[in-house]
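Peer 1: Chains as they are written, first to last, in this note's numbering: chain A, 1 to 439; chain B, 1 to 439.
Treat the hints as calculated values from the structure; they're not laboratory data. Possibly wrong hints are sitting among the right ones.
Copies of the same chain are indistinguishable here, so a pair counts whether it falls within one copy or spans any two.
To be verified - Below 20 angstroms or equal to it, Euclidean Cα-Cα: the simulated DMTMM-like pairs (lysine to aspartate or glutamate) are:
| hint | residue 1 | residue 2 |
| --- | --- | --- |
| 1 | 426 | 356 |
| 2 | 181 | 165 |
| 3 | 86 | 332 |
| 4 | 181 | 357 |
| 5 | 86 | 291 |
Number of protein chains: 2
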Amino acid sequence: MHANKNSFIIDAKWLIPVVPEGTVLEDSSLVISNNLIIDICPHQQAHDNYPHLAIEDLTQHAVMPGLINTHGHAAMTLLRGYADDKALMEWLENYIWPIESTLVSYDFVYDGTLLAIAEMISSGTTCTADSYFFPDAVAAAFHDQKFRAQVACPVVQFPTNWANDEEEHISKAMLFYERYKQHPHIYPAIAPHAPYSVSDRGFEEIAKHSKAHNIPVHLHLHETVGELQTETGQRPLQRIYDHGLFNSLLQTVHMTQLNDAEIQLLAANQVHVAHCPDSNLKLASGFCPVDKLRHKGVNVAVGTDGAASNNNLDMLAEIRSATLLSKGVTLDPTSISAAQALSMGTINGAKLLGIEDQVGSLEIGKQADVIAIDMSSFELQPVHNPISQIVYSANGNHVSDVWINGQQLLKHRKLTQLDTTALTDKVNMWRQSIRQIST
Amino acid sequence: MHANKNSFIIDAKWLIPVVPEGTVLEDSSLVISNNLIIDICPHQQAHDNYPHLAIEDLTQHAVMPGLINTHGHAAMTLLRGYADDKALMEWLENYIWPIESTLVSYDFVYDGTLLAIAEMISSGTTCTADSYFFPDAVAAAFHDQKFRAQVACPVVQFPTNWANDEEEHISKAMLFYERYKQHPHIYPAIAPHAPYSVSDRGFEEIAKHSKAHNIPVHLHLHETVGELQTETGQRPLQRIYDHGLFNSLLQTVHMTQLNDAEIQLLAANQVHVAHCPDSNLKLASGFCPVDKLRHKGVNVAVGTDGAASNNNLDMLAEIRSATLLSKGVTLDPTSISAAQALSMGTINGAKLLGIEDQVGSLEIGKQADVIAIDMSSFELQPVHNPISQIVYSANGNHVSDVWINGQQLLKHRKLTQLDTTALTDKVNMWRQSIRQIST
Numbered sequence: 001m002h003a004n005k006n007s008f009i010i011d012a013k014w015l016i017p018v019v020p021e022g023t024v025l026e027d028s029s030l031v032i033s034n035n036l037i038i039d040i041c042p043h044q045q046a047h048d049n050y051p052h053l054a055i056e057d058l059t060q061h062a063v064m065p066g067l068i069n070t071h072g073h074a075a076m077t078l079l080r081g082y083a084d085d086k087a088l089m090e091w092l093e094n095y096i097w098p099i100e101s102t103l104v105s106y107d108f109v110y111d112g113t114l115l116a117i118a119e120m121i122s123s124g125t126t127c128t129a130d131s132y133f134f135p136d137a138v139a140a141a142f143h144d145q146k147f148r149a150q151v152a153c154p155v156v157q158f159p160t161n162w163a164n165d166e167e168e169h170i171s172k173a174m175l176f177y178e179r180y181k182q183h184p185h186i187y188p189a190i191a192p193h194a195p196y197s198v199s200d201r202g203f204e205e206i207a208k209h210s211k212a213h214n215i216p217v218h219l220h221l222h223e224t225v226g227e228l229q230t231e232t233g234q235r236p237l238q239r240i241y242d243h244g245l246f247n248s249l250l251q252t253v254h255m256t257q258l259n260d261a262e263i264q265l266l267a268a269n270q271v272h273v274a275h276c277p278d279s280n281l282k283l284a285s286g287f288c289p290v291d292k293l294r295h296k297g298v299n300v301a302v303g304t305d306g307a308a309s310n311n312n313l314d315m316l317a318e319i320r321s322a323t324l325l326s327k328g329v330t331l332d333p334t335s336i337s338a339a340q341a342l343s344m345g346t347i348n349g350a351k352l353l354g355i356e357d358q359v360g361s362l363e364i365g366k367q368a369d370v371i372a373i374d375m376s377s378f379e380l381q382p383v384h385n386p387i388s389q390i391v392y393s394a395n396g397n398h399v400s401d402v403w404i405n406g407q408q409l410l411k412h413r414k415l416t417q418l419d420t421t422a423l424t425d426k427v428n429m430w431r432q433s434i435r436q437i438s439t
Numbered sequence: 001m002h003a004n005k006n007s008f009i010i011d012a013k014w015l016i017p018v019v020p021e022g023t024v025l026e027d028s029s030l031v032i033s034n035n036l037i038i039d040i041c042p043h044q045q046a047h048d049n050y051p052h053l054a055i056e057d058l059t060q061h062a063v064m065p066g067l068i069n070t071h072g073h074a075a076m077t078l079l080r081g082y083a084d085d086k087a088l089m090e091w092l093e094n095y096i097w098p099i100e101s102t103l104v105s106y107d108f109v110y111d112g113t114l115l116a117i118a119e120m121i122s123s124g125t126t127c128t129a130d131s132y133f134f135p136d137a138v139a140a141a142f143h144d145q146k147f148r149a150q151v152a153c154p155v156v157q158f159p160t161n162w163a164n165d166e167e168e169h170i171s172k173a174m175l176f177y178e179r180y181k182q183h184p185h186i187y188p189a190i191a192p193h194a195p196y197s198v199s200d201r202g203f204e205e206i207a208k209h210s211k212a213h214n215i216p217v218h219l220h221l222h223e224t225v226g227e228l229q230t231e232t233g234q235r236p237l238q239r240i241y242d243h244g245l246f247n248s249l250l251q252t253v254h255m256t257q258l259n260d261a262e263i264q265l266l267a268a269n270q271v272h273v274a275h276c277p278d279s280n281l282k283l284a285s286g287f288c289p290v291d292k293l294r295h296k297g298v299n300v301a302v303g304t305d306g307a308a309s310n311n312n313l314d315m316l317a318e319i320r321s322a323t324l325l326s327k328g329v330t331l332d333p334t335s336i337s338a339a340q341a342l343s344m345g346t347i348n349g350a351k352l353l354g355i356e357d358q359v360g361s362l363e364i365g366k367q368a369d370v371i372a373i374d375m376s377s378f379e380l381q382p383v384h385n386p387i388s389q390i391v392y393s394a395n396g397n398h399v400s401d402v403w404i405n406g407q408q409l410l411k412h413r414k415l416t417q418l419d420t421t422a423l424t425d426k427v428n429m430w431r432q433s434i435r436q437i438s439t
């Protein structure tokens, strides 16, 4: 065992592996070598067995797997707070679409994604599922910052700044897939936007490509009641099923409108659900029946959605919303325990993305996507139960240290790699450009 | 104008007075002299007109009135995370009551209140409404830390560690009232716990005292559906009305179960509502119809409830929950704008407590209860709209500086007055005592 910066010991006060669910290992260490977790054991044993390794002393911290955000549009972070408290169509037509048609470019997307990465690292997210125009710019930002991400190429049947028609969206998506399919921490996927914005032919093409190459499909589905009113009378979920898209590669997002037969269909076909509680509340979309889905065996993970409709990427706040909202809606205070909420924010996200063999929990052999939460501040005291504290009391600002693939990207709340001055300048520039369009 | 530490200028990037609602004054200053706000004007004008005053340079900050938490049980912060995800009666009978009957004492309450104060100051709350046993200990902690608070004496018809029966609770409450009625920043009140735990005779006595001395009455009311099932069949709200308690001194808490006639009755009698969205969600109590109440002219403020059922005292997170939940439940994304949520967390709270002539907004002549929010971190960037950013993106950890009555209690996120080492030791001691009881 040689001393190198990718091999080290983390001494935690509380080690929370997430698998098995609810476990808390007190005064335990995580041993990391060449980006992998190679041991989990008591402090003394780690020091004895790996005497040459440097020790990260996090003895007032809870250490757990990095959070996995299963739905976002990172570049839209530049539009955070730009237009709130609007009805959906007013918001889209008068605020979001004019910006998207004027400003959205490779540079806008790269810089916006960088801003999202800064926020995600600072709040303990180590992996995200993104879909936005100019996916090459999205992927470049994640690659440059060593951030783990599924990057899905959007498909819509109308022209965008990125592609002229549905066919071009799909062909560009396939080129992107070929380019990134071997990348170690960027996972290409395809994101037909929604049933109302993609044609039957588009879905058929996507189903064909997905099956041929095992490409994940990321889809907004049954987000609102309005979406159920189709010309044919057929519910959108049934249409997606009929196109042969129901399998474990399908990641459905929002799902606020579901009947029992549909839940059964999801479970039977191992379709995943990305639940975005704050976005659903803020846009008044309805409530995803998370409790029912879980009881029927559907894998439910959590996403923040874009910062234009949330307005932050704080996954600890989001899993808190997920458990509180489920208790409130079901009128059952035992619905979704703190430990279950933590699973939804980590291992369930890894399952949704199909990377649960690599990340999502602290287990020997997995990649070292690890975060530490400083439990010493008064708002997290006293610590009767660290899992309760993390889920119900903490937020992203309590995350002190973050490693992705064994590399430390946040150290004592400072970003270690990102050029924060340059990013601040770019964000200011985009703020001014956006202001000029809106006036 | 003499230079002294109670007279100074705060230069803000964005000054948000809250009254008038939605106003943002860019590059403006707040001039404070002898604990009062004496001027609000552009930076240069403040520097010219008050040349001898020291300047607090908060030019990447939003400066606004301190947050007002209208419902809490500060001492219960020691029980944060002690028992979550339980059904209400299991939670009370097996967890909360055994602790309360064994451990709750003057010292427990003093130390627990101190912990809550540390958290409240650190997250921008400058005034709270508290009700718990040993109100003398509660008041002593608030007095010692120069914190503004309504301290309500609890009344229940069964024996507690503090008093033997309902009559003694009331007589002790009246003694407390006499002791504190002249205090400059502690406002005595009386808190009949709930309709199901106070007798008709108790309510009559309380109504009599309240009327005779203008004492505010703080009451948990219609928190759950179960509470509506009374022996007489009469709804509890009607019983409270019949006892003559409906007037502007009445602060009703929770109010998840309300019909239109009841909302009309509240409005007609200027009864206030303290809305606790996170507690209502976590305990699965139901949804307070905030939107309807506001439209009918009822003053609705926001409270966190105790940390045993929330589990934090972060008022920025709470007003965010208030607006998101209202949008979600009414299926209307325009319900409760960011500016309205900010009013609910400040001036509406001051109205509920009857101190809106002193605090709740930044206006000339009011006392200087002021907070600053550092808007420079990436998760609050870019700032298109500072009010949106504060309500939808920020949390208590973004609060950098806090003044109560012109005295700085938080400076660059450090508590200036509280002995944090001693508090940490005491919290640890109580944690161990609680653990001993529960094992």
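Peer 1: Next step is simple, just say for each hint if it's right about the structure.
Peer 2: Going through the hints against the structure:
no.	hint	verdict
1	426 / 356	neither (35 angstroms within a copy, 42 angstroms between copies)
2	181 / 165	neither (24 angstroms within a copy, 73 angstroms between copies)
3	86 / 332	between (31 angstroms within a copy, 9 angstroms between copies)
4	181 / 357	within (17 angstroms within a copy, 65 angstroms between copies)
5	86 / 291	between (29 angstroms within a copy, 16 angstroms between copies)
Comparing the model with each earlier hint shows violations of hints 1 and 2; every other hint is respected.
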